[in-house]
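Asker: Residue-level listing of the chains:
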Amino acid sequence: MTRYLVAFQAIVARELLRFTSQRGRFLSALVRPLVWLLIFAAGFRAALGISIIPPYLTYITYEVYILPGLCAMILLFNGMQSSLSLVYDREMGSMRLLLTAPLPRWWLLLSKLCAGVFVGVLQVYAFLLLAALFGVDLPPAGYLLILPALIIAGFMLGALGLLISSLVQQLENFATVMNFVIFPVFFLSSALYPLWRMRESSEFLYYVCAVNPFTYAVELIRFSAYSAFSSMSLLVVVITGILFFGFSVIAYTPARAGQRGRGPSQT
Amino acid sequence: MTALEVENVGFRYGARTALSAVSFRLEAGQFCALLGPNGAGKSTLFSILARLNDIQAGRVTIADCDLAAQPLKALAQVGIVFQQPTLDLDMTVQRNMMYFAALHGLHGARARRKIEQALSLLGMAERSTEKVRTLNGGHRRRMEIARALIHEPKLLLLDEPTVGLDAETRRAITDHVHNLAASGLSVLWATHLVDEVDDGDRVIVLHEGQVRADTTAADLAGKRSLVDAYLELTGAAETSS
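Residue numbers (the working numbering), protein chains in the order written: chain A, 1 to 267; chain B, 1001 to 1241.
Just so you know, these hints were derived from the structure itself, not from any lab.
It is possible that part of the hints are untrue.
[To be verified] Stretches of chain B that chain A covers, calculated by requiring three or more beta carbons in the stretch to come under 8 Å of a beta carbon on chain A:
1. 1048 to 1056
2. 1081 to 1087
[Claimed, not checked] Have a look at the derived ranges for each label pair, beta carbon to beta carbon:
3. G93/A to G1108/B: 24 to 32 Å
4. R1059/B to G93/A: 23 to 31 Å
5. G43/A to N1038/B: 54 to 62 Å
6. A1068/B to F183/A: 41 to 49 Å
All residues carry an ideal CB built from backbone N, CA and C; glycine is no exception.
Given these sequences and hints, build the entire structure.
Answerer: Now the structure itself:
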């Protein structure tokens, strides 16, 4: 077991070191949600009225409403960023070093995934600190209570990134993924508007949002932040997370490379 | 002990056959050059030996461990240097080495001791605190070879490790690896550069996914030069000269 933990620790430490050396990545991870919070929310505050909906017990401002969604957005972008770095690692060859280690592949991928979640959760807390400085905050207990929700949601979104990285063959294709995964996943969710609002405009889009696992990741964080618990959200996020991870492990098994007609250099 | 046994290994990428009934055996302490032109199947064979691709047909045994049945035990006996560099350029040599050591379950003082030994073996000990980005191509390659030795493997696989290096550096690296074989390590060295092979080396010529010759370089050459013998077998235009 020690061998497993030694490798796990090394993979997490490497990812963290990489992240801290990429100041641009950290900065953009903070600036992106801040732009939404301070600019987008300011513009939409008047247009979008929020009624009292669970878990809120009173009227809230739009900024307060989108705060959990922006936390989930950070985790989503981080999951995709980790996925991008996996594709890069594969093209640059360093993925081979990882995959030829004498440890089960699922463990190596899980370590990589946990490393990404760790980095993602750090970014969320940095963002929450900045948001609090701008006067948008959570109840004090919420900062602690969201931690398990962030980890579980981060795992699901990281696993999605892992799955995408196993399917994307080249770095150039990644821009397509960004457009066809991140934006629909984010906009077709309850991150920016409550689902009843969406239903008022389009029944179809409402159902799309309702089956989007990202919606449940947002709600899991939102409910936890207000000391409430959404069992449905937890169930959906955990199950989809396990499915995404399971499919990633299958996609990364050595047998798949030959079946997909890849040359050895691309493995 | 047999370091590597490849029995009737075949591999296809869809409809294209990359390897067909490849068989050979490598004993402990042997240096074996796997010669073949580009596209001969060398990298495919290496990716099977490194378990990046699963075996589709045949059997591979590494240090008496069946690669398909006991992949992790078998992989623990292998040191691999890939054709493409696998280094983190922004980390120091030591950090790169520690990361690799950890992937093989080594940590702390034991890992540092083994890293120091491996770097010294390749004459790289004094470079351990330098960032990889600052090293030249030859030093980076030596570092990768040193890294592949940290966990004391029984078999060292090198896939065209001298690509892109100048003649002097290539010679220094081939000499280093020959010395490692002389000290008991089994080495499989894939290359398409004939001048990297010494007369006494064992040579396996791979062409169009099949073994065309398995003998010593001197026997393969006979009265001709090794280049001519190789060209005759492969019809390849690429040689070292």
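Asker: Could you run down the list of hints and mark each one as holding or not?
Answerer: Checked hints:
1. Using a Cβ-Cβ cut-off of 8 Å, 6 residues of the region 1048 to 1056 of chain B lie near chain A, which meets the minimum of three, so the contact claim holds.
2. Interface restraint, the region 1081 to 1087 of chain B with chain A: holds (6 residues with C-beta to C-beta distance below 8 Å; minimum three).
3. Hint check: G93/A to G1108/B, Cβ distance near 28 Å, so the stated range 24 to 32 Å holds.
4. Taken as a hint, the range 23 to 31 Å holds for the pair R1059/B and G93/A, whose Cβ atoms sit roughly 27 Å apart.
5. At about 58 Å, the beta-carbon gap between G43/A and N1038/B stays in the expected band of 54 to 62 Å.
6. The hinted window of 41 to 49 Å between A1068/B and F183/A holds, with their beta carbons roughly 43 Å apart.
In terms of the numbered hints stated before, the structure departs from none.
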